[in-house]
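> Chain residues, written in single-letter form:
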Amino acid sequence: MRISLPLGLALAATLATGALAAEAGLGHALPPKDVSFSFEGPFGTYDRGALQRGFQVYKEVCSACHSLNRVAFHALADEGGPGFTEAQAKAIAAGYKVPAGPNDKGETTDANGTPLTRPGILADHFPAPFPNDEAARTANNGALPPDLSIIEKARNGGAHYVYSILTGFGEKPPAGFKVIDGKYYNPYFEGWNISMPPPLNANSVTYSDGTKATVEQEAHDVVTFLAWAGEPKMEERKRMGFGVMLFLIAFAGVLFLSYRKLWADQH
Amino acid sequence: MASATSDGTTRRDFLYIASGAMGAVGVGLAAWPFIDQMNPSAAVLAMSSTEVDLTPVQEGQQITIMWRSKPVFVRKRTKKEIEEAKAVNVADLPDGVARNANLPDSAPATDANRVIKPDWLVLIGICTHLGCIPLFNQGEFGGYLCPCHGSQYDTAGRIRKGPAPENLFIPPYNFMNDTRIKIG
Amino acid sequence: MSAGESTYVPKSGFARWMDSRLPIMRFAHDTMLTYPTPKNLNIWYTFGGILAIMLVFQILTGIVLAMHYVANDKMAFDSVENIMRDVNYGWLLRYAHANGASMFFLAVYVHIFRGLYYGSYKAPREVLWILGVIIYVLMIATAFLGYVLPWGQMSFWAATVITNLFSSIDQIIPHLGTAISTWLWGGFAVGDPTLNRFFSLHYLLPFVIFAVVGLHIWALHVPGNNNPLGIDVKGPQDTVPFHPYYTVKDGFYLVLFFIVFAGLVFYAPNFVGDVENYQPANPLVTPPEIVPEWYLLPFYAMLRSIPQKLVGVIVLFGALAVLAFAPWLDTSKVRSMRFRPMMKPFFWILVLDCILLGYLGANRPDATWNLGGIEISLVWPARLGTAYYYAYFLLLMPLIGLLETPKPLPDSIAKPVLAAAE
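Chains as they are written, first to last, in the numbering used here: chain A, 1 to 267; chain B, 1 to 184; chain C, 1 to 422.
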């Protein structure tokens, strides 16, 4: 926000003199798409269905490359989240293999050299697809897929930016723009060359609630899920904020009346 | 000017009282997060119960599990240990209460009240004297001996001799199935 | 006008017993209840009290956050995420502390500009003013140290940029600057030792600030408060007891201030922050734009407007130092800008100048303005802005005071109040 306002003013100044911002340089990221999400605004909440569908998209598509380190399985059952029961969250956790500590013999790998794992419990966090950054880069042509736990708070444009990236593939690059070998064209990404291949296609997932799985739907749902992953307390925060604001406004009113009454004899 | 009501208080005073009261309420409400943040966090609470697979534990063997940062002994008792525990007269015990979180406080310390299934003994391995960890299969009673000050417990973990005032505590637990227990 | 004889009368046996051993009740009574305060103080005078409350608030939220924060380069970022997700109300305390720092600086800027406008720095309040400058410098240090603690990208790189400034001392005394940087870092670059000591100092400085604030309030109570007319209090007809008149008035404005604060915390908690700081620190990747928090942007603009590193550093610290000399730089016989028609517009230009410098500090170093087809580097308005800032203190304050004809001052505080009522 702090950057976009001055840059916006600078752009406006440039526009005023007739120089077009778009032609100011190939590779400048387009502004994020203007879509609306249920969690925006002072009374926004997370759409439970979108959270659950988005979790499915993360699980079946994104988690192949992207970790979600900071989210614990027990959070799936928390208030203000996807709304799984504790038993469901436990079952989800148990479906994952997390790194296990040394066994009784002190070994950390099995006979084949594969690191030991155990089923996840509620206290565990989502395990990463790669054991470390170097392995992640090797599997992804040298690019490091970022952890997604707080991705929307770590990018200008937040949810809109991530949504634009996910739905911004598939267009033809403009004449004169060369796409680097091994990368993909996405005009919402700074430089227009993104290392991530288009992750979403129609029906990449089959939604259990029957929602039609278009790319826009999948993107909308996973963006909602990732918004929650980064701000699991958002609903509680806005709810509390409403109460606090009401209290403070009422308190200000009472104090104002006291102030006027008190000072009446001084004026 | 302020107006006077019949009992002498002025409207001005009511406003001040209301202001003061709202301020006190505000401070009280604001204080709660500062206090509650010291309570166990969600990460700590997620570790508040532990499941244990019993299949690797042979008869006569004991494993130690950490539960809420405390050591819990899970022991598969031999027939001899069970018989010895059952044979004890509760009236002879220094501490006649079961100390079992799964039962009411007043339950007597019979062997049946110290276990759920007789062949599995699950207790918190912290001596009730000053907190050391007792060792098994030592002492006169075939049970636990605490090396720090010599407290001796029997095969149901009940104090028999020594400075410890109470039987070893039994944590809340239940059998999820024949081979798995959940502690806490 | 300072307090005369204490009028405190202990009401109970215990109160009398305490009063003869440690008269804190008397002290509280004299300084916060009966303390005679000019009756014409306006909204701009409420920010001192607001600042005191915010200091206590930051200390309280900081102490509880420190119960969960881990100052280790491998764990710091995760410990903050633990606070945000798992600690009960951790998200609230963290957002309150981070946004509280911004609100703290907002209040201090209003407070400083109020002092400049009403001549509160002029005799006999010079020491009060200098203590204020000291508090401001300590606040900047505390905020800088605190921002490093989450160990995000901006934490790490802001620490790197600012601690690297010390190496410019090498140009005066060879090797000394590098020795100082190494000593600050505890290593060859910003790293874990740096983080640990920054945490220790961040915990310490607010208590130093608290002590200097105590001196600041003491230094205020000796001559008594200034007021919007800038004329001295002549007698009790010009003052009211601090309680209940100003406890209630300050309380009201405090609640308004908290409404703005709550708006940030609950509805826009990351508005003033930088998205880069939600990425863990990476010593191998420099963010595209390194910028401090908004309240340090004007100084950042000044620093970057000078290409020569050492001179830039001197200009930066000089801007703080020049504030301290205001009582002696200003030759005006009149305190309040209300009666200084020539100086008043220059004051408002200073305010706009500081806002401009803040805007410039937020921009990239290579940014330009396009004016009528000519690309002008933003370095030029930054230099102009820095020059005006210095000129205000070093040229305008001494000169205008001698050149201007002030408006006639009212006879007393009480009279204009009564005159207005007629």
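Keep in mind that a hint or two might mislead.
Far from chain C, by Cβ distances over 12 Å, these chain B residues were calculated [as the list claims (entries may be wrong)]: (1) S19; (2) M22; (3) G28; (4) W32; (5) I35; (6) D36; (7) Q37; (8) A46; (9) K86; (10) L145; (11) G184.
To give a feel for the contact side, a few chain B residues facing chain C, derived at Cβ under 7 Å [stated by the list, open to error]: (12) A24; (13) A30; (14) A31; (15) F34; (16) Q61; (17) Q62.
Keep in mind that the hints were calculated from the coordinates and are not lab data.
All C-beta atoms in this analysis are idealised placements derived from N, C-alpha and C, irrespective of residue type, glycine included.
> If a hint holds in the structure, say so; if it doesn't, say that too.
The hints, checked one at a time:
Non-interface status of B:S19 relative to chain C is broken: a Cβ of that chain comes within 12 Å, the nearest being about 7 Å off. Annotated as non-interface, B:M22 brings its C-beta within 12 Å of a C-beta of chain C; the closest such distance is 9 Å. Listed as outside the interface, B:G28 is consistent with that label: its C-beta sits roughly 14 Å from the nearest C-beta of chain C, beyond the 12 Å cut-off. Remark: the non-interface label on B:W32 conflicts with the geometry, its nearest Cβ contact in chain C lying 8 Å away (cut-off 12 Å).
Once the 12 Å rule is applied to beta carbons, B:I35 is inconsistent with being away from chain C; the minimum gap is 9 Å. Once the 12 Å rule is applied to beta carbons, B:D36 is inconsistent with being away from chain C; the minimum gap is 4 Å. Look at B:Q37: its CB is around 5 Å from the nearest CB on chain C, not clear of 12 Å, so calling it non-interface is violated. The non-interface label for B:A46 is inconsistent with chain C: the shortest C-beta to C-beta separation is roughly 8 Å, within 12 Å.
Non-interface call for B:K86 relative to chain C: holds, since the shortest CB-CB distance, roughly 45 Å, exceeds 12 Å. Distance check on B:L145: its Cβ is at least 39 Å (rounded) from any Cβ of chain C, clearing the 12 Å threshold; non-interface status holds. The non-interface label for B:G184 is consistent with chain C: the shortest C-beta to C-beta separation is roughly 18 Å, beyond 12 Å. At a threshold of 7 Å, the smallest CB-CB gap from B:A24 to chain C is about 12 Å, leaving the interface hint violated.
With a least beta-carbon distance of about 9 Å to chain C, the hint placing B:A30 at the interface is violated under the 7 Å criterion. With a least beta-carbon distance of about 9 Å to chain C, the hint placing B:A31 at the interface is violated under the 7 Å criterion. A cut of 7 Å between beta carbons decides the hint on B:F34: the least distance to chain C is about 5 Å, and the hint holds. Among the interface hints, the one on B:Q61 is violated; its C-beta lies about 36 Å from the nearest C-beta in chain C, farther than the 7 Å criterion.
Hint on B:Q62 is violated. Least Cβ distance to chain C is approximately 33 Å, over the 7 Å limit.
Hints 1, 2, 4, 5, 6, 7, 8, 12, 13, 14, 16 and 17, counting from the list given before, are not met by this structure.
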